[in-house]
Amino acid sequence: MLKMTNVTKKFGELTAVNNLSFEVEQGQVFGIAGPNGAGKSTLYNLITGLYPFEGSVTFNNGEIRGLPPHQIAKLGISRTFQIPQTFPSLSVEKSIGVGSHFGSRDGFEHDYVEKILRFVNLIDKRDSSTGQLNLLDKKMLMIGAALATKPRVLMLDEPMAGSNAKEIMKLMNLVQRINREMGITIIIIEHFMKVLTELTEKLLIIETGTEVCCGNPVDVTSDPRVIECYLGGNND
Amino acid sequence: MEHKRIAKLLAVIWSIVAVLPLFFGSTNFIMHILIMCLIWSVVASCWDLIMGFAGIFSFGQVAFFVIGAYASAIITAKFGIPPIFAVFLAGVIAAGIGILVGLPCLKLKGAYIALVTFAVHMILEPVLKGGIGRAIGTGGSRGILTIQPMNIFGYTFTSSEPVPYFYLMLFVAVICSGIILAVIKSHWGTAFLALKDAEEFASCLGVSAFKYKLMVFALTSFLTGVIGGFYAHYVGMLSTRMLGIDLFVTLMVILVIGGVGKFPGAIIGAFITIAINEMLSPLGSFRPITLGAMVVILVLLLPDGIVGMFEKIFLKKKKVRSLN
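Read top to bottom, the protein sequences are chains C and E. Note that numbering that gives the first Met the number 0 has the first sequence beginning at 0, numbered continuously upward. Note that numbering that gives the first Met the number 0 has the second sequence beginning at 0, numbered continuously upward.
Rather than coming from a laboratory, the hints here were simulated on the basis of the structure. Ideal Cβ positions, reconstructed from N, Cα and C, are used throughout, including at glycine. Careful, some of the hints might be misleading.
[Claimed, not checked] Derived contacts from chain C toward chain E, CB cut-off under 8 Å, selection only: (1) L49; (2) P51; (3) I63; (4) R64; (5) P67; (6) H69; (7) A72; (8) S77; (9) R78; (10) F86; (11) P87; (12) G182.
[As the list claims (entries may be wrong)] Derived pair list, reagent style DSS-like, types lysine-lysine, alpha-carbon separation capped at 27 Å: (13) C:K93 - C:K114; (14) E:K210 - C:K124; (15) E:K318 - C:K73; (16) C:K114 - C:K193; (17) E:K316 - C:K73; (18) E:K195 - C:K93; (19) C:K93 - E:K318; (20) E:K316 - C:K124; (21) C:K124 - C:K137; (22) C:K93 - E:K77; (23) C:K137 - E:K7; (24) E:K195 - C:K124; (25) C:K137 - E:K311; (26) C:K137 - C:K169; (27) C:K124 - C:K114; (28) C:K137 - E:K317; (29) E:K106 - C:K73; (30) E:K318 - C:K193; (31) E:K108 - C:K124; (32) C:K149 - E:K195; (33) E:K210 - E:K7; (34) C:K73 - E:K3; (35) C:K2 - C:K193; (36) C:K73 - C:K114; (37) E:K318 - E:K7; (38) C:K93 - E:K315.
Go ahead and model the full structure; you've got the sequences and the hints to work with.
As structure tokens, this is what we get:
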């Protein structure tokens with residue numbers, strides 16, 4: 000469904016993503032992990048058209064490299080950001096409406112926005128300003144707005160960051176429901192290995208923009224190379 | 000502010016303004032000030048749309064106004080096109096230049112956009128005064144000394160009879176404010192606000208930054224160009240003096256007093272600023288200093304302008320009512 004081939008991104012002399020190739024299949028929950036500065040968020044920025052790069056990214060067999068972000072969103076690739084981005088000038092309902100109005104191939108659908116507001120548990124806060132929301136609600140809002148575009152692939156960038164155990168459970172449950180009930184393919188960047196092993200079917204570990212290993216999460220997390228690079232050595 | 004409340008506020012403002020000639024109609028000087036208030040209210044509202052709503056720090060609004068004024072004057076003089084059509088053509092020319100200015104700004108952010116757009120403002124004076132300007136009919140340093148007055152259906156609007164021109168300008172200002180309100184209310188307005196608040200996220204939700212930023216440049220420069228044209232046919236002469244710092248600062252003061260991003264604050268700001276400016280005229284050379292000091296005090300006391308202050312009062316009252 001989403002295939003990256005020999006993708007490289009350089010910022011001056013720094014190589015943020017180095018000749019990376021992987022494929023995400025339809026309906027999959029695909030995890031990406033790696034230490035800070037590994038190039039995970041940069042990878043999202045490349046796929047969503049925010050940065051130019053070398054190599055190829057195909058979505059449903061069509062090349063998306065070079066397309067602007069809004070066109071990629073219309074094709075069905077949506078994302079959230081590590082640091083919650085919201086629209087303080089707009090209400091919660093209008094913010095989710097942005098996704099439906101501009102990103103959905105079906106155009107604005109009031110009933111669908113209503114459905115998403117319930118799905119992300121923000122129906123009671125629909126008229127609130129997004130600036131008044133707490134961190135969890137801001138994350139829910141970002142996910143809701145991304146879902147309002149009716150994506151085929153949803154890319155979540157560290158959705159659990161800064162959350163407590165209860166909030167992590169809520170978010171994990173939401174991710175599973177998005178995948179199972181809505182049939183949306185999910186790519187998730189996360190630091191919590193437990194979350195990744197529970198949620199994902201395939202896990203990619205990267206370090207300094209290079210693939211360390213990729214495969215079944217249980218096998219990957221027990222791989223000595225991953226323990227070495229990600230956990231900083233053997234935990235004996 | 001909710002759109003319905005903006006519409007109601009606009010209706011109140013324009014209703015009050017519409018009856019002013021009943022009190023001041025016989026005093027040409029006051030009528031002239033009121034006409035200028037209407038003109039600046041449109042320019043400031045356009046500036047507010049691009050800066051306050053779309054978050055684009057464009058400092059080219061005065062330049063688009065001057066382009067519109069010169070374009071309309073030249074079109075009527077050179078091609079014999081009636082002023083009423085010339086002002087719209089002037090708007091189209093200003094919009095075209097607005098798009099050209101907007102294109103490089105798409106790659107820039109914040110202060111850099113301010114620099115590029117202010118550069119247009121700075122370049123305009125030597126262009127209008129120089130060889131290119133003289134070749135297209137700007138009159139060089141001398142300016143344009145005779146501009147055909149506005150004529151609609153055989154009726155000529157002259158500055159010696161300001162009341163009819165006041166109502167013409169009021170009509171234009173009402174139309175322009177209606178357009179701005181419609182834009183704010185529409186999905187354009189939502190796109191502007193989303194791009195202002197979080198451009199990357201908005202783009203990843205399908206908002207085309209390219210399309211909407213160019214649209215706001217085109218629309219605001221069109222309306223500013225049109226009102227520039229009306230200004231030219233009202234005053235009857237043009238020079239590059241308008242590109243001096245005075246008008247630029249006055250428009251900024253209008254925005255600050257009205258409230259940036261608080262439409263229709265710019266309209267209220269225009270009337271208050273121009274009125275204060277005129278009232279301070281006996282102070283002579285101390286006038287700009289006094290006005291500047293007042294702006295500093297206002298910014299400190301009312302950072303969101305007059306409309307922002309009323310919004311806060313309204314929200315407080317609403318909270319008290321809901322608590323009761």
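To see whether the hints hold, each was checked on the structure:
1. Interface hint status for C:L49: upheld, as the beta-carbon distance to the closest one in chain E is roughly 6 Å, under 8 Å.
2. Hint on C:P51 is violated. Least Cβ distance to chain E is approximately 13 Å, over the 8 Å limit.
3. Against a cut-off of 8 Å between C-beta atoms, the interface hint on C:I63 is violated, since the closest Cβ of chain E lies about 13 Å away.
4. Below 8 Å, beta-carbon pairs count as interface contacts, and C:R64 has none with chain E, the closest being about 16 Å; its hint is therefore violated.
5. About 7 Å separates the beta-carbon of C:P67 from the nearest beta-carbon of chain E, less than 8 Å, and the hint is met.
6. Against a cut-off of 8 Å between C-beta atoms, the interface hint on C:H69 holds, since the closest Cβ of chain E lies about 4 Å away.
7. The beta carbon of C:A72 comes within 4 Å of a beta carbon in chain E, closer than 8 Å, and the hint placing it at the interface holds.
8. A least Cβ separation of about 7 Å between C:S77 and chain E falls short of the 8 Å threshold, and the interface hint therefore holds.
9. Interface restraint check for C:R78: the shortest CB-CB distance to chain E comes to about 5 Å, inside 8 Å, so the restraint holds.
10. The beta carbon of C:F86 is positioned within 8 Å of a beta carbon in chain E (closest approach about 4 Å), and the interface hint is therefore held.
11. A distance limit of 8 Å between C-beta atoms decides the matter here; for C:P87 the minimum to chain E is near 6 Å, and the interface restraint holds.
12. For C:G182, the suggested interface contact is broken, since its CB lies about 20 Å from the closest CB of chain E, more than 8 Å.
13. Our distance criterion of 27 Å between C-alpha atoms is met by C:K93 and C:K114, whose separation comes to about 14 Å.
14. A hinted pair counts as satisfied when its Cα atoms are at most 27 Å apart, and E:K210 with C:K124 does not qualify at roughly 31 Å.
15. Note on E:K318 and C:K73: the hinted pairing is violated, with a Cα-Cα distance of about 40 Å set against a maximum of 27 Å.
16. With a CA separation close to 30 Å, the supplied pair C:K114 and C:K193 exceeds the 27 Å bound.
17. Proximity of E:K316 to C:K73 is assessed by CA-CA distance (about 43 Å); at most 27 Å being required, the pair is judged violated.
18. A threshold of 27 Å between alpha carbons decides the hint, and for E:K195 with C:K93 the separation of about 15 Å falls inside it, so the pair holds.
19. This hinted pair checks out: C:K93 and E:K318 have alpha carbons roughly 22 Å apart, not beyond 27 Å.
20. Among the hinted pairs, E:K316 with C:K124 is consistent with the structure: their alpha-carbon atoms are about 21 Å apart, no more than 27 Å.
21. Taking the CA atoms of C:K124 and C:K137, the gap is about 11 Å. The hint holds against a cut of 27 Å.
22. Restraint check: the Cα-Cα separation between C:K93 and E:K77 comes to about 49 Å, which exceeds 27 Å; the hinted pair is violated.
23. Among the hinted pairs, C:K137 with E:K7 is inconsistent with the structure: their alpha-carbon atoms are about 33 Å apart, more than 27 Å.
24. Straight-line distance between C-alpha atoms of E:K195 and C:K124 comes to about 22 Å, which keeps the hinted pair within the 27 Å bound.
25. For the hint linking C:K137 to E:K311, the alpha-carbon distance of about 24 Å falls within 27 Å, and the restraint holds.
26. For a cut-off of 27 Å, the pair hint linking C:K137 to C:K169 stands: about 14 Å separates their Cα positions.
27. Of the pairs offered as hints, the one joining C:K124 and C:K114 holds, with about 14 Å between alpha carbons and a cut-off of 27 Å not exceeded.
28. Distance check on the hinted pair: C:K137 and E:K317 sit about 25 Å apart at the alpha-carbon level, within 27 Å; holds.
29. Pair hint E:K106 plus C:K73 holds up; C-alpha atoms about 22 Å apart against a cutoff of 27 Å.
30. The suggested pairing of E:K318 with C:K193 is violated, with an alpha-carbon distance near 44 Å, which exceeds 27 Å.
31. For the suggested pair E:K108 and C:K124, the alpha carbons sit about 32 Å apart, so the restraint of at most 27 Å is broken.
32. Of the pairs offered as hints, the one joining C:K149 and E:K195 holds, with about 24 Å between alpha carbons and a cut-off of 27 Å not exceeded.
33. With a C-alpha separation of about 31 Å, the suggested pair E:K210 and E:K7 falls outside the 27 Å cut-off, and the hint is violated.
34. With a CA separation close to 32 Å, the supplied pair C:K73 and E:K3 exceeds the 27 Å bound.
35. For the hint pairing C:K2 with C:K193, the CA-to-CA distance comes to about 26 Å; that is within 27 Å, so the pair holds.
36. Taken as a hint, the C:K73 and C:K114 pair is honoured in the structure, with Cα atoms around 20 Å apart against an allowance of 27 Å.
37. Pair hint E:K318 plus E:K7 holds up; C-alpha atoms about 22 Å apart against a cutoff of 27 Å.
38. The straight-line distance between the Cα atoms of C:K93 and E:K315 is roughly 23 Å, inside the 27 Å bound, and the hint therefore holds.
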